[in-house]
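K.L.:
Construct all of the structure, not just a fragment, from the sequences and the given hints.
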Amino acid sequence: MNIPVFRFAPSPNGLLHLGHAYSALVDQHFAERLGGRLLLRLEDIDAARCTPEYEAAIFRDLAWLGIGWENPVRRQSDHFGEYEAALNRLRKEELVYPASMSRGEVRAFIADRETAGENWPRDPDGVPLYPGSDRRLSGRKRAELLAEGIPFAWRLDMAAALERVGAKLSWSELSGADLSASSCIEARPQDWGDVILARRDVPTSYHLSVVLDDALQGVTHVVRGMDLYAATAVHRVLQELLDLPAPGYRHHRLILGPDGRKLSKSFQDTGIAALREQGATPEAVRRMAGLEEG
Numbered sequence: 001m002n003i004p005v006f007r008f009a010p011s012p013n014g015l016l017h018l019g020h021a022y023s024a025l026v027d028q029h030f031a032e033r034l035g036g037r038l039l040l041r042l043e044d045i046d047a048a049r050c051t052p053e054y055e056a057a058i059f060r061d062l063a064w065l066g067i068g069w070e071n072p073v074r075r076q077s078d079h080f081g082e083y084e085a086a087l088n089r090l091r092k093e094e095l096v097y098p099a100s101m102s103r104g105e106v107r108a109f110i111a112d113r114e115t116a117g118e119n120w121p122r123d124p125d126g127v128p129l130y131p132g133s134d135r136r137l138s139g140r141k142r143a144e145l146l147a148e149g150i151p152f153a154w155r156l157d158m159a160a161a162l163e164r165v166g167a168k169l170s171w172s173e174l175s176g177a178d179l180s181a182s183s184c185i186e187a188r189p190q191d192w193g194d195v196i197l198a199r200r201d202v203p204t205s206y207h208l209s210v211v212l213d214d215a216l217q218g219v220t221h222v223v224r225g226m227d228l229y230a231a232t233a234v235h236r237v238l239q240e241l242l243d244l245p246a247p248g249y250r251h252h253r254l255i256l257g258p259d260g261r262k263l264s265k266s267f268q269d270t271g272i273a274a275l276r277e278q279g280a281t282p283e284a285v286r287r288m289a290g291l292e293e294g
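Residue numbers for the sequence shown follow full-length UniProt numbering, so the first one is 1 and each next one is one higher.
None of these hints come from the bench; they were simulated from the model.
Do not rely on the hints blindly, as some may be mistaken.
As the list claims (entries may be wrong) - Computed beta-carbon distance windows for the label pairs:
| no. | residue 1 | residue 2 | range |
| --- | --- | --- | --- |
| 1 | G132 | E32 | 22 to 28 Å |
| 2 | C184 | R91 | 20 to 26 Å |
| 3 | E94 | E32 | 43 to 49 Å |
| 4 | E94 | P72 | 35 to 41 Å |
| 5 | S182 | E70 | 23 to 29 Å |
Here the structure is a predicted model, which is why all the values come from computation and not from measurement.
No residue lacks a Cβ here, since even glycine has one placed at the ideal position from N, Cα and C.
P.N.:
Here you go:
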């Protein structure tokens, strides 16, 4: 019998807030209900923002909430070699290309097109799709670009990727008290355009590292917020390209602030540590997150 494997994967680039508490507690709930394992992963590829202090705070907050996890904890920064190997595979198969347009150049390019009456497409998050002008560069021009040291990102050639995959993509969205029910959701990675898979100085991105981590750690159930629902389509195409298994997904509701927006570290929303210092108990935090006590 296969044991279900769940994971909670925060980034140590700020203090955990109530939304993180909810997600971690939901993962713990399903792991315990199904007799599964709960892993903790630190998504720390952003070296400029992730710090040991925030990592230690994550450990403190989760322990205070009564959440246990298996050791060792996987830190993405320890596995750049694995991500680079996957990226190189996609490079050899000509499924990624170096894209060097700056944000200013992208904005100017799109502004010109929209001035000409073109309705420029946007991804599910509302961000304009990358123009993809670099996609048509010759091999010699690409080599010159790399040799000159111009900043660039490795972007997935989505059209080539979908042609390689061939079949329509979907994922299993799990539901029910024990996640035994599921529905087949059509995956539309084309809605995201040529997503970034790595940068010149960091051989990975969230999309690439998360699908590799889930596969290498044997994660069977990905329980995460609805803000990542549409991005699952990108993960599915990468799983197919890299011959990785597809876990089942459960996208839970988000905890919103008083103004109706998603809680965010960058806006310094009420954090777990702050709630603890104000005298809140773990049971009170559960109630605040809309979970039954205990």
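K.L.:
Looking back at the hints listed earlier, which ones does the structure fail to meet?
P.N.:
Hint check: 1, 2 fail, others pass.
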